[in-house]
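Chain A is already provided as a structure; the job is to place chain B on it using the hints.
Protein chains: 2
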Amino acid sequence: MADPIEFYFDFSSPYGYLASTRIDELAARHRRDVQWRPILLGAIFKFTGAAPLPNIPIKGEYYKHDFPRTARLLSVPFKLPTAFPIASLAPSRAFYWLQEQNPQQAKELAKRLFKAFYVDDIDISKPENTLAIAAGIGLDRPALAAGIETPLIKERLKKEVQSAMDKGVFGSPYFIVDGEPFHGSDKMDQLDRWLATGGW
Amino acid sequence: MADPIEFYFDFSSPYGYLASTRIDELAARHRRDVQWRPILLGAIFKFTGAAPLPNIPIKGEYYKHDFPRTARLLSVPFKLPTAFPIASLAPSRAFYWLQEQNPQQAKELAKRLFKAFYVDDIDISKPENTLAIAAGIGLDRPALAAGIETPLIKERLKKEVQSAMDKGVFGSPYFIVDGEPFHGSDKMDQLDRWLATGGW
Numbered sequence: 000m001a002d003p004i005e006f007y008f009d010f011s012s013p014y015g016y017l018a019s020t021r022i023d024e025l026a027a028r029h030r031r032d033v034q035w036r037p038i039l040l041g042a043i044f045k046f047t048g049a050a051p052l053p054n055i056p057i058k059g060e061y062y063k064h065d066f067p068r069t070a071r072l073l074s075v076p077f078k079l080p081t082a083f084p085i086a087s088l089a090p091s092r093a094f095y096w097l098q099e100q101n102p103q104q105a106k107e108l109a110k111r112l113f114k115a116f117y118v119d120d121i122d123i124s125k126p127e128n129t130l131a132i133a134a135g136i137g138l139d140r141p142a143l144a145a146g147i148e149t150p151l152i153k154e155r156l157k158k159e160v161q162s163a164m165d166k167g168v169f170g171s172p173y174f175i176v177d178g179e180p181f182h183g184s185d186k187m188d189q190l191d192r193w194l195a196t197g198g199w
Numbered sequence: 000m001a002d003p004i005e006f007y008f009d010f011s012s013p014y015g016y017l018a019s020t021r022i023d024e025l026a027a028r029h030r031r032d033v034q035w036r037p038i039l040l041g042a043i044f045k046f047t048g049a050a051p052l053p054n055i056p057i058k059g060e061y062y063k064h065d066f067p068r069t070a071r072l073l074s075v076p077f078k079l080p081t082a083f084p085i086a087s088l089a090p091s092r093a094f095y096w097l098q099e100q101n102p103q104q105a106k107e108l109a110k111r112l113f114k115a116f117y118v119d120d121i122d123i124s125k126p127e128n129t130l131a132i133a134a135g136i137g138l139d140r141p142a143l144a145a146g147i148e149t150p151l152i153k154e155r156l157k158k159e160v161q162s163a164m165d166k167g168v169f170g171s172p173y174f175i176v177d178g179e180p181f182h183g184s185d186k187m188d189q190l191d192r193w194l195a196t197g198g199w
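Chain order of the listed sequences is A and B.
Heads up: the first sequence begins at 0 in numbering that gives the first Met the number 0, then just goes up one per residue.
Heads up: the second sequence begins at 0 in numbering that gives the first Met the number 0, then just goes up one per residue.
Please note: incorrect hints may appear among the correct ones.
Repeated chains share a single entry, so a pair holds when one copy, or any two copies, can fit it.
What the hints assert, rightly or not - Here are the computed lysine-lysine pairs in the BS3-like style, where the Cα-Cα straight-line distance is at most 25 Å:
no. : residue 1 : residue 2
1   : 166       : 114
2   : 63        : 45
3   : 166       : 63
4   : 157       : 78
5   : 186       : 153
6   : 158       : 78
7   : 186       : 78
These are computed hints drawn from the structure, not numbers from a lab.
The shape of chain A in the complex, shown without the other chains (with noise of 0.2 Å):
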């Protein structure tokens, strides 16, 4: 099997979220698999000078009306959470803890963190939210709230996010393929085209 997608994001961002509904799917019809890598795009706008699109005078409002439509485009539930945006430590430490230990219940965790943000509305920056979440789906409860307290797993999501940086990932979504990059949930018929014909 070739090389797998690297799928950046952060669990804050609206494109990253109507993304993540369609990557494996997209991935899976060239027989690849996609790597999930939670990142915080605070970090980074740092370096960028970037700021999360709703805050930005006229730029915000164009994003506001078009995460729901495209969103409506692509037929993906979605509501601009209450508490928006969000810095994303909890549920990126709970994915990371849990994939060195299960990748694919580390995806499913994902997706479920995401759902609860973008569609039920639910503020999962606040750990106790990302805990039941991963509860829900079996995960041990108090294991989970020690361990992304632990300094690994801290260290291990600031080296994620820097590793990023260091391949040039500045926003969400953002894939590489055979070393080749696309940001955006817009540039995904690119990355689909780019992945059936090897490039142009």
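Structure of chain B alone, referenced to chain A:
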């Protein structure tokens, strides 16, 4: 005929150039006219805090890769100009000066200016270069040279930029069709679909 598509762009914008090679044909398929509207992103960036893409850390490298990649996908000739980005006062003023007399020829001038900048590597921020290109399609060079220096034309451009901002324009290209906004050349497939279906 239905209302025209408003097409906002900065002559310095690579994606504005790419869009300019396709928007008239796209619109014609839906029996729409296109109102071309050059603007100055520099003035708008003061409000949004944005910067020219290639100047942004990390992000800049991606876009310098994506400009030619997108151009290849669309089979549009493209070369990142030696002088880039530029302040596009001279070409924008020339456009509006001509537009008041001959809107169709103004569109032709805009296409020539884009080609000069993105294919022939001519710095169109220099008034003498913009004037030479205009002369190449039969315009009266002294009249245009005087025209772009009149307070009336300088004011016209300022008003166009302000009017664009008031309508929510923050980048290039930016399209408005029947009140619906689309930003970016990668959104043109969605714009096409919106025109075909009346929205979703």
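For this session: If any of the earlier hints don't hold here, list their numbers in rising order.
Result: 1, 4, 5 and 6
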